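Modelling step: build the complete structure from the supplied sequences, incorporating the hints.
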Amino acid sequence: AAFERFWADAPTAGGDVRLHASFSVENLRGRKGTLTAWFYDRSGQRLRDTDGRYRTTEGQVAFSASFVPRFDKTRFSDVALDVPAGQLHLPPGRHRVQVVFGLFHGPDLLATSKPLGLTYTVPGVTGETEGGPPRAWITSALADLVSGPDGRPWMRVRADLVLDRLRGREVRLQARFYFPDGTPLRDFDGRYRTGDGLAFAESSVVPRYSPRTKVTGMEVRIPVAQLHLAPGAQTVLAGLTVVESGRALASRTTPPLRVGAAPAPGPLLPRAARIEAAWITHNQKLEGEVGMVVHVRVTISGCKGRRVLLRGWFWGSDGRPLRDMDGKYRAGDGLVSSGVVLTPIYDVAVFGDARFFLPYRQLHLVPGRHDLALTLGVYLDGKLLGGRKEPVRFRVNRR
1159 AAFERFWADA PTAGGDVRLH ASFSVENLRG RKGTLTAWFY DRSGQRLRDT DGRYRTTEGQ
1219 VAFSASFVPR FDKTRFSDVA LDVPAGQLHL PPGRHRVQVV FGLFHGPDLL ATSKPLGLTY
1279 TVPGVTGETE GGPPRAWITS ALADLVSGPD GRPWMRVRAD LVLDRLRGRE VRLQARFYFP
1339 DGTPLRDFDG RYRTGDGLAF AESSVVPRYS PRTKVTGMEV RIPVAQLHLA PGAQTVLAGL
1399 TVVESGRALA SRTTPPLRVG AAPAPGPLLP RAARIEAAWI THNQKLEGEV GMVVHVRVTI
1459 SGCKGRRVLL RGWFWGSDGR PLRDMDGKYR AGDGLVSSGV VLTPIYDVAV FGDARFFLPY
1519 RQLHLVPGRH DLALTLGVYL DGKLLGGRKE PVRFRVNRR
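The numbers in the sequence shown follow this note's numbering, run straight up by one, and end at 1557.
Worth flagging that the hints you see were computed from the coordinates, not collected in a lab. Note that the coordinates shown come from a computational prediction; the quantities given were computed from them, not determined experimentally. Keep in mind that the hints are not guaranteed to be accurate.
[What the hints assert, rightly or not] Here are the simulated SDA-like cross-link-like pairs (lysine to any residue), alpha carbons at most 25 Å apart as the crow flies:
1. Lys1372 / Ala1171
2. Lys1541 / Thr1457
3. Lys1372 / Leu1300
4. Lys1541 / Arg1469
5. Lys1231 / Leu1300
6. Lys1272 / Ser1180
7. Lys1190 / Ala1223
8. Lys1486 / Lys1462
9. Lys1443 / Gly1510
10. Lys1462 / Tyr1537
11. Lys1547 / Lys1443
12. Lys1443 / Ala1269
13. Lys1547 / Ala1489
14. Lys1486 / Val1506
15. Lys1231 / Gln1256
16. Lys1443 / Arg1469
17. Lys1231 / His1440
18. Lys1486 / Arg1527
19. Lys1190 / Val1499
20. Lys1272 / Thr1352
21. Lys1231 / Ser1271
22. Lys1272 / Lys1372
23. Lys1462 / Trp1312
24. Lys1190 / Asp1266
25. Lys1231 / Thr1270
26. Lys1541 / Glu1447
27. Lys1547 / Asp1484
28. Lys1272 / Asp1236
29. Lys1190 / Thr1232
30. Lys1547 / Leu1532
31. Lys1462 / Thr1352
Given below as structure tokens:
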């Protein structure tokens, strides 16, 4: 697959966004593909989803549309992605964001675009007006620790809201919880969770006045134990969303809060790893080298705080392993290999996109076209925790 063009219609302040992409695909006739757009801020940090509707498994704001090619070589001149207002989860103000498009067949990433710059404005609190759609603002948000009804610590989130043209409607204040790097906290017992398995809490209010109601000190609470943190002090924050009839009207993130969690009781989990998906992106650069990035979605259990090795080996079309010639990317048996060390912070840790790099020249291939394969394993102290039975197959043209 290859992108030809990608663009966005100029959005109105606080309105929907429509994205467009023109691209071509080969050898996918009759099979479903997916166009996905990921969102970043101007510094390259991922925009964080706070209501669970449009997101990647790592909690990044993302939108997708499917397509089915009708020919061996098919060109799509304009595939559109609609981004509803409020789903970028940005505070009031003018924001410069970046959009990166990707083309997938199943879990396999076929092509990515260069970043597309986009300016989006979220209106601040304005004077009361007649007519128009419902609106909301979170004017302040703060998290602290309080003692719960059971005497144990709870995390309390307090927010001040302004609700416009929402009289008599149920408005929900939803909270999801994150580490400062944007990693969402996951639920493991089903008590405080979203449909996609994240730690979650909410409260609701029905405004009594029209057209505008101010809500002061609205609270959302969750037991600290239900954040499922590793023992010791941890820094977390809450992502808040005001939702009415399934539509996000406003978003805000609290300042970071230091909390402590006791070790969870119960038996130790068995040490194991499960590789759920793996794919390769080609023609990537790292420190001046051109090569491939291997992406792996893996779940690791029973290894909290331990250094776990995700490693891959590379094989030729004849079924023989590729041998290393210079000692730069190799396993102890002298075979071409690369990998990454992962340190789980949960008893059950999900790495949605663990990555490692291999330069093409480190495959040590003669010129020509080569059909290759990649096998993967996860190790703790040299012991195999789990692997992928089916190899990841790919092709390299070596000049």
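Each hint tested on the structure:
1. Lys1372 / Ala1171: holds (22 Å)
2. Lys1541 / Thr1457: Since the Cα atoms of Lys1541 and Thr1457 sit roughly 16 Å apart, the hinted pair holds (cutoff 25 Å).
3. Lys1372 / Leu1300: With Cα atoms ~17 Å apart, Lys1372 and Leu1300 stay inside 25 Å; holds.
4. Lys1541 / Arg1469: Given that 25 Å is the threshold and the Cα spacing comes to 12 Å, the pair holds.
5. Lys1231 / Leu1300: At roughly 54 Å apart (the allowed maximum being 25 Å), Leu1300 and Lys1231 break the hint.
6. Lys1272 / Ser1180: holds (13 Å)
7. Lys1190 / Ala1223: holds (10 Å)
8. Lys1486 / Lys1462: The hint is violated at about 30 Å.
9. Lys1443 / Gly1510: Given pair Lys1443, Gly1510 holds - Cα atoms ~22 Å apart, limit 25 Å.
10. Lys1462 / Tyr1537: Given pair Lys1462, Tyr1537 holds - Cα atoms ~14 Å apart, limit 25 Å.
11. Lys1547 / Lys1443: violated (29 Å)
12. Lys1443 / Ala1269: Status holds; Cα separation ~15 Å.
13. Lys1547 / Ala1489: holds (19 Å)
14. Lys1486 / Val1506: Cα-Cα ~33 Å, so violated.
15. Lys1231 / Gln1256: Violated, because 30 Å separates the two Cα atoms, which is more than 25 Å.
16. Lys1443 / Arg1469: This hinted pair holds, its Cα atoms lying about 20 Å apart.
17. Lys1231 / His1440: Holds - the C-alpha atoms of His1440 and Lys1231 are around 20 Å apart, at most 25 Å.
18. Lys1486 / Arg1527: holds (23 Å)
19. Lys1190 / Val1499: Answer violated: Lys1190 to Val1499 is near 34 Å, above 25 Å.
20. Lys1272 / Thr1352: violated (33 Å)
21. Lys1231 / Ser1271: holds (19 Å)
22. Lys1272 / Lys1372: Violated, at roughly 43 Å.
23. Lys1462 / Trp1312: holds (24 Å)
24. Lys1190 / Asp1266: Between Lys1190 and Asp1266 the Cα gap is close to 12 Å, so the pair holds against 25 Å.
25. Lys1231 / Thr1270: Measuring from Cα to Cα gives roughly 18 Å; hence the hint holds.
26. Lys1541 / Glu1447: Given that 25 Å is the threshold and the Cα spacing comes to 31 Å, the pair is violated.
27. Lys1547 / Asp1484: violated (29 Å)
28. Lys1272 / Asp1236: Status holds; Cα separation ~17 Å.
29. Lys1190 / Thr1232: holds (13 Å)
30. Lys1547 / Leu1532: Distance of about 11 Å is within 25 Å: holds.
31. Lys1462 / Thr1352: The given pair, whose Cα atoms are some 23 Å apart, holds under the 25 Å limit.
Comparing the model with each numbered hint stated earlier shows that hints 5, 8, 11, 14, 15, 19, 20, 22, 26, 27 do not hold.
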